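Throughout the sequence shown, residue numbering follows mature numbering (1 follows the signal peptide of the UniProt record, and there is no 0), covering -26 to -1, 1 to 367 in sequence.
Be aware that a few hints might be false.
The following label-pair restraints were derived from C-beta to C-beta distances [as the list claims (entries may be wrong)]:
1) R260 <-> A159: 16 to 26 Å
2) P69 <-> R176: 20 to 30 Å
3) G310 <-> V126: 48 to 58 Å
4) A307 <-> A90: 22 to 32 Å
5) S263 <-> P45: 18 to 28 Å
6) A214 <-> A262: 20 to 30 Å
7) A262 <-> D113: 22 to 32 Å
8) A66 <-> S323: 35 to 45 Å
9) R234 <-> R92: 20 to 30 Å
10) G20 <-> R349: 15 to 25 Å
11) T237 <-> A159: 22 to 32 Å
12) E222 <-> E105: 39 to 49 Å
13) Q110 <-> F15: 33 to 43 Å
14) P14 <-> A262: 38 to 48 Å
Since the hints were made in silico from the structure, they are not lab data.
Quantities reported herein were computed from a predicted structural model and do not represent experimental measurements.
A virtual CB, placed ideally from N, CA and C, is assigned to each residue, including glycine.
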Amino acid sequence: MPNLRAWSGRLPTALFATLLAGSALAAPAEIGGAVLTLVPFEALPGFPGPDPAAALDAFRRVCAAPPPLLPQPAGVAGAAEALSAACSDAAAVAPDAAAAFFRDRFEAFRVVKPGAERPGFLTGYFEPELEGSLTQGPDFPTPVLARPDDLVSLGPGETRPGLDPALRAARATAEGFAPYPDRAAIEDGALDAQARPILWLRDTVDLLVLQVQGSGRVRLPDGRAVRVLYDGRNGQPYTAVAKLIVQEGHLPLEGLTLARWTTWLRAHPETARRLIRANASYIFFRLASVDDPALGPPGAANAPLTPGRSLAVDGGLWRYGLPFWLVGPLPGAALGETGRLVIAADTGSAIVGPARGDLFVGTGSQAGVAAGNLRDAIGFVVLLPKLAKEVAP
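Kindly generate the complete structure, drawing on both the sequences and the hints.
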């Protein structure tokens, strides 16, 4: 769910070029408060994992994608020209040469935040499968709204006159720009004719799940499936409803899963309405077809997400398309797998910092369980593309 944040700790261009070229540095490079330390691939046990061809496929999808809907800020890590050259080379790489491709075209840097209690933190997200209808009815009373025409999304560092810089969207009015209505106001009719439903769900809890995950598949009464994709947000701050449930003492944090807290919300509709409305953030959507059921929706990089291989990162720090070697056990890991090669393809409002990631697990209820259980300390190693002149012919 795109919500890019500006990066204030950018690396000087000359130093970053030296870093990419693989030259020894007088002092470690730093990004977002983390130190990048060059590490030989031989020093990464298990690299590149049992199926590097799957990572190569995910990399190619990002390479082939249209430009992101929200451009990344200038200065994100990962030289654009070098990454583009790696993309060009990847097109001709055979599956059995995937490991050699990543070793030859990239250099590995361990991402270490001095003083941090853990090397990095990895969570999971998924694409929910919900029931819905293209028409309103007794079984489907909750609207999923299209992007309003007066919504102005703000990119990294963008502001509008008279608008709080913390807001990431604005409402265009005849008098200028104003804060966009929050969730409660939207539910109470603040958008008037601007509120255009694209389909209808069973209840507000399903809508909340869809908005938290940023996209989903919806099964229609005739058996067809459509995809509902993120198409903007009101720019108001996000509050996790599950966190509010715990804070108010309704459920314990231990063992709190998506299924458990959504079941609790449905069993307590009045409290659920109050807690959901306390989350001021509101997401708008658009409809799309499900072209490949094995792949997820497009991420912030505009490429279809690959289950187990697509990673949401801080889009204000890392360029989409960068490979990462995640050090530690992951969902669905093969026997003896000590890490996994994944590709930066998405971002999210809660994904902040250089050693923070959100792994796309897949689609459906089982993926939801796996995603909910993924909250692990994980080591992050970023693969930065070599400059073209440093690549062996």
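These are the hints, each one checked on the structure:
1. For R260 paired with A159, a C-beta distance near 22 Å keeps the hint of 16 to 26 Å intact.
2. Against the hinted window of 20 to 30 Å, the Cβ-Cβ separation of P69 and R176 comes to about 43 Å, which falls outside the hint.
3. The hinted range of 48 to 58 Å is satisfied by G310 and V126, whose Cβ atoms lie roughly 51 Å apart.
4. Checked against the hint of 22 to 32 Å, the pair A307 and A90 passes, with Cβ atoms roughly 24 Å apart.
5. Range check, S263 to P45: Cβ separation about 26 Å, and the 18 to 28 Å hint holds.
6. Hint check: A214 to A262, Cβ distance near 27 Å, so the stated range 20 to 30 Å holds.
7. Between A262 and D113 the beta carbon distance is about 23 Å. The supplied range of 22 to 32 Å therefore holds.
8. Taken as a hint, the range 35 to 45 Å holds for the pair A66 and S323, whose Cβ atoms sit roughly 38 Å apart.
9. Distance hint check for R234 and R92: the Cβ-Cβ separation is about 25 Å, which falls inside the suggested range of 20 to 30 Å.
10. Between G20 and R349, the C-beta spacing of about 22 Å keeps the proposed range 15 to 25 Å intact.
11. Between T237 and A159 the Cβ separation comes to about 28 Å, which falls inside the hinted range of 22 to 32 Å.
12. As the Cβ distance of E222 to E105 is approximately 29 Å, the hint placing it in 39 to 49 Å is violated.
13. Evaluation of the 33 to 43 Å hint for Q110 and F15 yields a failure: the beta carbon distance comes to about 56 Å.
14. Roughly 43 Å separates the CB atoms of P14 and A262, a value that falls within the hinted 38 to 48 Å.
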